[in-house]
Each structure stands twice: as C-alpha cells, then as structure tokens.
Amino acid sequence: MSKNPKKTSESAKSSYHHGNLYEILIQHGEDFIRNKGFESFSLRTCAKEAGVSHSAPGHYFKDVSEILTEIAARFFERLALNLKKQVLDFPSVDPLKTISMEYVRFALEEPKLFYLTFHSSKIDRSSTRYQRAGDEAFLQMVLAIDKDLSKRNENMEKIRFVWSLIHGLAMLSIDGPMVPAGGKRYGLNIEEAELNIRNMVECIRNWKKV
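Each residue of the sequence shown is one higher than the last, beginning at 1 in this note's numbering.
Since the hints were derived computationally from the structure, they do not count as laboratory data.
Certain hints may be false.
Label-pair distances were calculated between CB atoms; the ranges are [claimed, not checked]:
(1) D63 - H119: 14 to 22 Å
(2) L195 - E109: 16 to 24 Å
(3) K85 - D135: 15 to 23 Å
(4) F138 - R34: 20 to 28 Å
(5) R152 - N35: 34 to 42 Å
(6) M156 - K48: 41 to 49 Å
(7) K62 - K36: 17 to 25 Å
(8) K62 - D175: 27 to 35 Å
Every residue, glycine too, gets a C-beta built ideally from N, C-alpha and C.
All chains, full assembly: derive it from the sequences and hints.
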C-alpha cells in the first residue's frame with residue numbers, strides 16, 4: 001500500500017518539533033540515493049522528500065557535503081558490522097573468504113551508496129568521522145589476513161593485493177565492463193566473483209615474496 005504524502009509530511013513536521021529531524025533527513029537522504037543516486041541530491045531535495053520547509057536542513061547541515069559525508073560514514077559503519085557478523089557466523093570458513101564475499105555482496109545490495117561512499121567528490125574526506133568509519137571497515141580486511149596487528153606493516157603487500165582485488169571485484173560486479181572496449185557491458189555475477197576470491201585466498205595463504 002502506498003504512503004499518504006500528507007501523513008508522511010505531517011509525521012516529519014511533528015518529528016521536527018520533537019528534535020528527530022536530523023535522523024529523518026538522513027533516512028530520506030539514504031532512500032533518495034538508493035533510488036536515484038547522489039548526483040541530483042541537494043538539501044532542498046532532501047527537505048522536499050522529508051516534507052519539511054526547504055530551510056529546515058540548514059539547522060543541521062551547513063551544506064550538502066556534510067549530509068552526504070554522514071550518510072557515507074554510516075555506510076562504512078554498516079559495512080564493518082556486516083563483515084564482523086559474517087566472520088562470527090561462519091567460524092569454520094577462512095575469514096578472508098568470508099569478508100571478501102560479503103564485501104562484494106554488500107556492494108551489489110547498495111550500489112548507489114557504495115558509489116557515493118567511495119567515489120563521490122562531494123564527500124568531505126578530511127572528516128574525522130568519515131575516516132574513522134572507513135578505517136574500521138578496512139580493519140576487518142586487515143584482521144582477516146592476519147589477526148596479529150603488529151604485523152600490519154609486514155603484511156602491507158598482501159593488504160594492497162587483497163584490497164585491490166575485492167574492491168575491483170565489487171566495482172565489476174556492479175557495472176563491468178568485463179569485455180573488450182566496444183563490447184557489451186555486463187556485471188560480474190556473484191558466482192564468478194566467488195571463484196576469483198577463492199583463488200585469491202589460496203594465493204594469500206601460500207604467499208611467497210618475490
């Protein structure tokens with residue numbers, strides 16, 4: 001059943017007066033980006049989606065970059081939680097395979113938010129909150145390679161290799177291309193990604209420095 005726009009607007013305005021507008025704007029922003037992408041997103045658009053005055057978001061966000069950076073930070077937080085949960089749920093599986101597969105799946109489930117978080121020039125990458133959230137997600141991959149964080153520098157070649165492969169697989173899974181230039185574009189499916197990940201894990205576990 002479709003929502004009544006008038007009731008949604010009244011609910012948003014009521015929440016505004018009760019101090020919940022910040023979260024409402026974030027939620028509407030995420031929903032807009034999921035459906036339409038971030039290129040046309042603005043504070044005015046967000047206000048319209050939330051059913052509040054166009055000036056209301058200005059009480060919480062100085063510009064569109066600030067709300068997009070918060071949305072991206074939350075994406076990183078969800079990604080980190082998902083990666084941790086998958087490792088705990090499947091203790092008998094190599095954690096590197098687990099987090100790699102989950103990373104690709106997460107990108108496929110949230111492609112537009114994935115693009116926003118990693119590739120939008122509208123994100124404030126100097127934001128401490130954004131950086132910390134991103135570091136926490138990245139840490140899950142580092143721990144999957146080796147739980148001994150004292151070896152992080154020693155493992156840097158492995159870390160770069162794994163990161164390049166799983167992030168590249170995520171991008172190819174979303175939109176390709178997987179054929180020579182000029183050919184038909186198609187995304188890498190999850191089964192193809194799994195085969196690449198399985199080969200990568202074997203390579204990492206039998207790593208030999210050249």
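Hints and how they fare:
At about 19 Å, the beta-carbon gap between D63 and H119 stays in the expected band of 14 to 22 Å. Distance hint for L195 and E109: a CB-CB separation of about 20 Å, consistent with the stated range 16 to 24 Å. Against the hinted window of 15 to 23 Å, the Cβ-Cβ separation of K85 and D135 comes to about 18 Å, which satisfies the hint. Between F138 and R34 the Cβ separation comes to about 23 Å, which falls inside the hinted range of 20 to 28 Å.
Separation of R152 from N35 is about 39 Å and conforms to the stated range, judged on CB atoms against 34 to 42 Å. Between M156 and K48 the Cβ separation comes to about 46 Å, which falls inside the hinted range of 41 to 49 Å. Separated by about 23 Å at the C-beta atoms, K62 and K36 satisfy the suggested range of 17 to 25 Å. K62 and D175 have their C-beta atoms about 32 Å apart, which keeps the hinted 27 to 35 Å range intact.
The structure shown violates none of the earlier numbered hints.
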